[in-house]
Each structure stands twice: as structure tokens, then as C-alpha cells.
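K.L.:
What follows is each chain in one-letter form.
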Amino acid sequence: MRRAAGPAVLAGCAGLGLAVAGLRGQEAPVRQASDYTSEEYFDPPNALQISSRITGAQAFPLPGNRLVRYKDFRLETYDTNGHALYIVETPDCVYDRSDGVARSPGHLKVRQADGQVTLEGEGFLWRQDDKFLIISNQVQTVIEPGPKKNNLIP
Amino acid sequence: MKYLTLILGRILTLPPMANRSERSVYAASTGVHRPSWWSGASAVIPMLKRAEARAPQQERGVYAAATDDRQPSPPGCASAVIWTLKRAEARAPGAVASCALILMLAAGAWPAGAQTNAPDERTRIYSDGPGSFDMVRHHLVYQDNVRVDNPEMKLTCAWLAADLPRPGNPDKHILARTNVVMDLTGEPGKGTNGGAGLLDDTHQNWHVTSDQAEYDFHVAGTATNETVTATGHAVAKSDKMTITSEREPLVYNLVTKLFSGKGYDTIINNDALNPGRTNAAAITNQAPTPR
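Listed in order, the protein sequences are those of chains A and B.
Residue 898 in this note's numbering is what sits at position 46 of the first sequence, and the numbering runs on without skipping anything.
Residue 188 in this note's numbering is what sits at position 187 of the second sequence, and the numbering runs on without skipping anything.
Treat the hints as calculated values from the structure; they're not laboratory data.
Just so you know, these numbers come straight off a predicted model, no measurement behind them.
Glycine included, each C-beta is placed from N, C-alpha and C at the ideal position.
Nothing false has been slipped in among the hints.
If we take Cβ atoms under 8 Å as the criterion, some of the chain B residues that face chain A in the derived model are: (1) E122; (2) P131; (3) D135; (4) V137; (5) Y143.
Sample of chain B residues with no beta-carbon within 12 Å of chain A, all distances over it, derived: (6) K155; (7) T179; (8) N180; (9) D184; (10) T186; (11) T228; (12) S239; (13) D240; (14) T243; (15) T245; (16) N271; (17) D272.
Given these sequences and hints, build the entire structure.
P.N.:
See the structure below:
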């Protein structure tokens, strides 16, 4: 997976006009940002397709320049045809830029983009590399008998 | 009249069983995918056929059958309908149309358009412990006090894995392990026998326990396959019978409401065959344990 470089990922950045590096391992300076967006792309031959997009109402760097705390964190994942697959939302989480892991003790909600599956729980850890999500407690899944909508991101 | 016929079919399949052995043996499957009595091989099935054959001729005067003192059916089944019918007859003898209406209402056969609450067909899965979700493979694993709640099935277990339906592909697969307990809901009117008959399986609610259970939902063309397969010390109980299988899978078809499998034992409650009698012993096909 390729992660988009700094300026490109900040297209939606408003307010303080600040830099949060999207590249993992690149120790670029992190400053507070609002309306944060970070995109990740598939490897070739689908290098032009977005694999996942992270958005947050606000992003706060934590001491050490490795951890970033997000408010209203939202993750969208896509397939290689550009169809949305899942939307992950949590009001608060911490993202570790060094290993691409997000975690939170708070509430998490995951929706399949066609509305057929919703998943909720308390506390989670999300690995960006293999798109693997671990929900700590009180996992609840609702599976609809059929899709509700056609892969439209609400 | 369809519903009358169905109800009458149930009523007329309850003659005294005094001339029958209380310990009749019903053979289990012999390599075919259902017990022999399901295919009409036992003495029960011809009796049912005769009863059902009589029913259309007795539509006008058949309500006398409903006054049989036996009260065979479990709550919510035919007995409630029969008593309603008796009261209706007492007030208005010969009011067949009214009785038919009562029967339709009692059987839940009122036109769907008149219903205000649509059934909730969603499947819910809960767990107290951690869940892991592979978002690439659309694969979820639940642990600790896992519960599945579906209109046709309730399940509890200690560990469960679910392959979620993918966009554009409704297929679903669920694997449950460790202390699996299921409650399967029967549905009148489904099944190969049209929902009638003494050993009507489609009306039965089943309580199933097993080491492992798999739920499969697969759409192939216009056909929908939806099954639950219980494996390992599988026991399925209803108020009429108990089916057990130590090793071979026991498959319940959620579309036809029928069990199938190989090499399982069936124990039929005598209460189901002869509801008017007390102290009825169970009949079983289970082979005696070698000494």
C-alpha cells in the first residue's frame, strides 16, 4: 500500500493550515489540523485507486511526534474498482504513525457501504496494513436480509 | 377452505391408537436423506393419507370431529382453533363462512396487506468478548457468550466465525463452536407435506444442541439454499420427537423446514401419536446397547 504524501492528503485541511504527514515512518513534523484527510492507494497495477481514506474533524499530535489523536475519526475502505466497502467511525482514537495502528477504548461503529451489515463495539485496535480490526468488548452485528443501497458513501 | 382442510387434516389424524403398539419401532434413515416414515414407509403415513382423503368430503359436517374430547395440540396450534370453532357453532350453527373466517384469523392467514407490523428479518450477532474483523476477507470472529438472533433461529455458543455478505453477493456463512445451542422456529405452510399431518415437521420448533453448527445461505440462480448443519453429539428435540446423531451431520433446511442426514436415531413421543392417553411411553428406533 502506498500512502499519499503530505500536501496531497491535506486537500481538505482547513483552519490552521497544518501539516500531518501521511507517510508512515516519515518523521515529518506534526501539528494540529482540522478537517484532516489521508488517503492510501493500492499497489500497481491499481495504483490510481484509493484503498482507504481517513478523515477526522480534528487531529492533535501527541508528545513524541509519533501518535496522533483524532476527533470524529472516520475510515473508508474501497476495492480496486473504486467501490466503497466499509465505513468505520469513532468519536475519538489515537493513531500510531510508526506502525499504522489506530486504537481507542471508546465506541466504534462499522458499516458495510451497501448498508447490509453494521457492526458496533466498545474499544478497538485497527491495523492499517492488513485492514484488520479487533473490537474489545460488547460486539454487536446486524445483518440486513438484503442490501439497502448501492455502495454510496453517505 | 384450504385452511379448513389443513386443520381438518390435523384433526382427523388423531384416531385412537389403542390397537398400536406403544413401543413401535420406526426405522431411521437407511442411507436416504430422511427417516423412512417421512417417505411414507411406516403405518402412520397411510393413515394420514386416508384421513386427508376424507377431509374434503366432510367439509360440511366435519365439525363434529372437532368435538372430540381429546385435546391433542399444544397451545397455539389446532386446539385453540377447535375451541373457537365450537363456540362459533354453538352460537350460529351452520355458519360455515364465519367459521372459515375465524379459522383464517386463528391461523394467521389474514391478507398481508392488513398487517401493520412487518417482521424484522435482520440477523443480529452479539458477543461479550473480543471480535476480530478481517476487512479484506469480510470475515468476523466472535468470542465469549456469543448469541445469534434471527427470526427463524436463535443460537448461543462460545466461539463463532461469520463470513459476511459482500456487496453484490448475498451469500452468508456462519460457523459456531463449543456448547452450541439453537432454537429453530417452524413455520406453518412450508415443507413438502404442505403443513398437514400428524408428524408434520414444519410446525415444530426445534431445540438443538451440538458441538458445532454451520449456517449457510447461498443463492444459486432463482434457488435459495439456507441450511443449518449440526455436527458432533447433535440432539434435536421438538414436542413430538427427538433426533440424535453422534458423529454424522444433522442438516436442517430452513427453507423446507426438514431435517436430513445419515445414521441418526429418531425417538417419537407417544404423546404426539396418541395425545388422549396418559402415561404414554416414548417409542424409539435406537439400537440396544451391546453388553
